[in-house]
Amino acid sequence: MSSHVYHDETEFAPPAEVAEVELYHPHSFIGKYVWSQDAKVIAIQYAFTAIGIGLVALVLSWVMRLQLAFPSRFAFIDPSNYLQFVSMHGMIMVIYLLTALFLGGFGNYLIPLMVGARDMVFPYVNMLSFWVYLLAVLLLVASFFVPGGATGAGWTLYPPQAILDGTPGAHGGIILMLVSLSVFIIGFTMGGLNYVVTVLQARTRGMTMMRLPLTIWGIFMATVLALLAFPALFVSCIMMILDLTLGTSFFMPALVSKGQQLPYSGGNPLLFQHLFWFFGHPEVYIVALPAFGIVSDLISTHARKNIFGYRMMVWAILVIGGLSFVVWAHHMYVSGMNPYFGFFFATTTLLIAIPTALKVYNWVLTLWRGNIHFTVPMLFAIGFIFTFVNGGLTGLFLGNVVVDLPLSDTMFVVAHFHMVMAIAPIMVVFGAIYHWYPKITGRMLDDTLGKIHFWITFVGSYAIYYPMHYLGFMGVPRRYYAISGTNFIPESAQSLNVAISLAAFVVGAAQIVFLYNLAVSYFRGRPAGPNPWNATTLEWQTPHTPPRHGNFGKELPAVYRWPYDYGVPGLDTDFIPQNVPPSQVAAEAWTKAPAATEG
Amino acid sequence: MTIGMVLLSALMGAIVIWLFRQTINVQPWEAQAAIPAVDAGAVASTPAKTALWVFLGVASSLFALFISAYAMRLSFQDWTPLPNPPLLMVNTAVLVGASLAMQWTVHAARRAEAARVRRGLAASGLLTLAFLAGQLVVWRQLHAAGYFVTASAATAFFYLLTAVHGVHVLGGLVAWARAGLRAWRGSEPGAVRLGVELCATYWHYLLGVWAVLYALLVSNDLGLAICSSAASF
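From first to last, the protein sequence lines stand for chains A and B.
So the first sequence is residues 0 to 598, counted in numbering that gives the first Met the number 0.
So the second sequence is residues 0 to 232, counted in numbering that gives the first Met the number 0.
Keep in mind that a hint or two might mislead.
Stated by the list, open to error - Covered stretches of chain B (in silico footprint by chain A; criterion: 3 or more residues with CB under 8 Å from a CB of chain A, positions within the stretch not fixed):
| # | stretch |
| --- | --- |
| 1 | 3 to 11 |
| 2 | 45 to 56 |
| 3 | 96 to 110 |
Note that these hints are calculated values from the structure, not bench results.
Every residue, glycine too, gets a C-beta built ideally from N, C-alpha and C.
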């Protein structure tokens, strides 16, 4: 870098925005913080709602673990409650927490700042998106309180059992669940249009697609996936609502329930499974791709080294996204499908390992000989690599039909998807919060509390999920309220369950440290300054911290370089922000260069 | 599900080509000396147009999945076809008229002829409302002939697919009302033109979707021929 001298550049090129955004100017507290059209405020609203409902799901998981460790000790957990807790825990965590937090939370906060825009392109629609999401969450919460309670059909909501007598919440809860999902999808589509169009249309001058931080690439591709995949869930929700309310037979075959012939006939329950997983598998990557992107930026920034293979990373994100649409039936190996199709889906499933492994290698190669700072965000990023590789490897097991058949419906599957889809993304969520909290609030989170939080969460997660794989191998089934009278499960499985539950309580309780840190640091944290991590991306170059409405003050920044100019030799700092023109860098290198090079 | 897969593969293919053009011959790690000024006229698209195309992608995914579901069900042995209400042909013609009127309005808006824009918008709006009314009449006719929503899988899908299409048309009428408001208030021609152009794109798209749905709904042979490959999953 320093060896280049540029002669032909203009000293300062004021950015010519594609179109000056008409910003909404709030006049009151309510206009600013409640009915806000500022993407940053909407992001915080999304994040608070998502984390709030996520804590509910965390408590549900505690209750489930109580039952598994101490069967039938607690009167308030009966079999149907247990199924309700399982179902709602899964649904909340996957959709209402992770999807909403990554796209609605981080997407809203980071997209305009990182691409150099004043706001999302449609701020009003963006505001609606949050309120519709909140409505979906309220409908979901309401389902706990209707007669019969929330649905207990499992988060996959398979018919016919989801809407038959005998399944908890088969009349009230399931309707609210389906309506809530439909509302969520409508709200998400509003937000998703914003994220995609902002990335495509509102980038500042010089910000080509190939200069976007990988965070934005991850969120962008995940949004595209979500926009194309959520319709499948929408279709299945609408058709199941019709089966339930009008009595159509889209999914419901002719059947006898409690001695009564039901009026349904000719429906196809497998159709629901196809539709559900056509959404459900891309959903895994809707959560994973933003995590991939964010973790790339965390690793590069905190290892002071440019990301290894930027273009390969972008292509890997795309290939993973594309492949995720042709693997859905690997969730249905036990549904009695044609073995040739099983073979097809096993092949596509294993193919995904290639781009995913490329990404993992690139992260590790970025760390290789980097100047690694073990900051809290970096710890979480490295923790992500471990947990993700772990969960990914068991995914290779389960992707094979012959291995999946005996393991399906055992605790092995639970351990696999929690490792890859719960722990790994939540590691990134934590890392990202520790990384961007200084920009959002202007204050640093406490380092010691952060490290305590990390180590308990990381080690504790292994304490929970590692033994669970063994339970699965023994054949301990999942979703069961209690197990008795089985010969193949040894007594020791129960002690293992107790140990897992204890670990789960500790990890759950450790999140209080995190929440405490968030709250206290907001008032008492060390002032962060504009760029505490010496990062290159545009959100750290704003004139104000936290960034004000409109993000960049009077003029939008112009971008001259990619976001990974770390570890640059011959300068005062070891990084060059994206908006620093080469002339400035060359001039600085010139004054620093040893005299010998002049001759 | 094959249909859904084919559509999504096509969309993904388009994204691959686009990304290929972004990445070929690009060295992202090289800094740029100067940033060329952006010519305002050179901007290919506006956010609203891009957003509409993205939304059409979402809607296509939705319709493709509904059609996939229809295709899977169609291949079952117990499928009992519906009679073909002749009114559907009239409705289709009306929708074609609405689309043509929209296109005519676009031409008027490009020449900034305010009076013609208003006439064109009024005509297309009325034709669209007539289409929706016609669809309701078809529903009533089928209902009167004993084909309730629950009568058979074919009726259920008929009501479902026409309803989903109708709701999209209704949503289009909201955009149409906003464009009309601009035209009647005499907003500046650029804004009127953008609104009309967006409406026209959406109207043509919904006409295309309706053509596919109509063909599938009234002709089981055609439907089966198209969908036979989808049956096996």
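- request: Can you take a look at whether the stretch 45 to 56 of chain B is actually covered by chain A? Rule is 3+ residues, C-beta closer than 8 Å.
  value: Satisfied; 7 residues make the cut.
query: In terms of beta carbon proximity below 8 Å, does the stretch 96 to 110 of chain B have 3 or more residues touching chain A?
result: Since 0 is below three, the answer is violated.
- prompt: Per the coverage rule (Cβ-Cβ under 8 Å, at least three residues), is the stretch 3 to 11 of chain B covered by chain A?
  reply: Holds: 6 residues of the stretch 3 to 11 of chain B have a Cβ under 8 Å from chain A.
Against the hints set out earlier in the document, a violation occurs for number 3 only.
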